[in-house]
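Counting from 0, one number per residue, gives the positions in the sequence shown under numbering that gives the first Met the number 0.
Simulated from the structure, these hints should not be mistaken for lab results.
For lysine to aspartate or glutamate, the following EDC-like pairs were computed, each having C-alpha atoms within a straight-line distance of at most 20 Å: (1) Lys228 x Glu197; (2) Lys204 x Asp177; (3) Lys204 x Asp170; (4) Lys257 x Glu229; (5) Lys105 x Asp145; (6) Lys222 x Glu245; (7) Lys161 x Glu35; (8) Lys204 x Glu229; (9) Lys228 x Glu245.
What follows is a list of derived Cβ distance ranges for each label pair: (10) His185 x Gly16: 46 to 54 Å; (11) Glu106 x Asp170: 26 to 34 Å; (12) Ser233 x Thr159: 28 to 36 Å; (13) Gly31 x Glu141: 42 to 50 Å; (14) Glu33 x Glu107: 33 to 41 Å.
Computed from a predicted model, the values in this text were never measured in an experiment. Quick reminder that beta carbons are idealized off the backbone N, C-alpha and C, glycines included.
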Amino acid sequence: MKSLSPGILKIIGHIPGVPALLNLFFRRSTPGLETELFGLHFTNPLGIGGTYDSEGSAMNLMDNLGFGFVEIESPSAKKLYKGRRDLVVAVDICSDKLYVSPDELKEECDRNLTVFYDFADIFVINLHRQSKAENKRLQSNEFISDVISQICNSRLYNDTYKPILLKLSPDASGESQDDMIDSAMHAGLDGIMIAPGENMLPALKHITERTRRNIITVACGIKTPLQAKEALESGASLVEIGAGFELKGPGIVKDTIKILK
Numbered sequence: 000m001k002s003l004s005p006g007i008l009k010i011i012g013h014i015p016g017v018p019a020l021l022n023l024f025f026r027r028s029t030p031g032l033e034t035e036l037f038g039l040h041f042t043n044p045l046g047i048g049g050t051y052d053s054e055g056s057a058m059n060l061m062d063n064l065g066f067g068f069v070e071i072e073s074p075s076a077k078k079l080y081k082g083r084r085d086l087v088v089a090v091d092i093c094s095d096k097l098y099v100s101p102d103e104l105k106e107e108c109d110r111n112l113t114v115f116y117d118f119a120d121i122f123v124i125n126l127h128r129q130s131k132a133e134n135k136r137l138q139s140n141e142f143i144s145d146v147i148s149q150i151c152n153s154r155l156y157n158d159t160y161k162p163i164l165l166k167l168s169p170d171a172s173g174e175s176q177d178d179m180i181d182s183a184m185h186a187g188l189d190g191i192m193i194a195p196g197e198n199m200l201p202a203l204k205h206i207t208e209r210t211r212r213n214i215i216t217v218a219c220g221i222k223t224p225l226q227a228k229e230a231l232e233s234g235a236s237l238v239e240i241g242a243g244f245e246l247k248g249p250g251i252v253k254d255t256i257k258i259l260k
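Please model the complete structure; the sequences and the hints are all you need to start from.
Structural data, given as structure tokens:
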């Protein structure tokens, strides 16, 4: 079974018996890979990247395919609240558009935190897209620090503590990247995600060294089982398979689990 679109997965997921068959073929017992992070239980450290199924259309099948968590980049409230919660769900609270103004971005992040607080297990402040924005203030470390502080303060109004992660571009300059890492640490964020890119592994190693492994890191854009293994050995606590799943289909999850065992 090679590459499958989220739409096709959603359709076949409604066919009686298919989820059980997917469980049989792709899901593996992984007691040695189970882990507790952020107070959450992960059956294994493999997640599906948010760019694959940005709206969460096929979210319910990701557990059957062997994933330990799922990231959703452009959440649809109607779809998400209909979904079951058999695996850890991370939701991006900044949409995938390029914002016109800093105030617009801050308002959307804050609004989505409120809307999805009862559903999501983890929230992601995904600002690496704004590196392409025309408004240079959206790229400034001062503004990013402001967004982080605002979201962390908004979390205090909820009874249940839920982790917040910052997603960084792997291609940011050394000084800029260090400033954002320091801002995340200072604000008390729970983790850092490294967005997909050619420099993902070097960026991961740098963040691991700079934080002395005092913050949880997630490596995104994994393409092969060996790359997943290298990322985990380089300090990542979790990895997201994105392009690899699109190119090779769900068999990559089984292959990765086999190598990690």
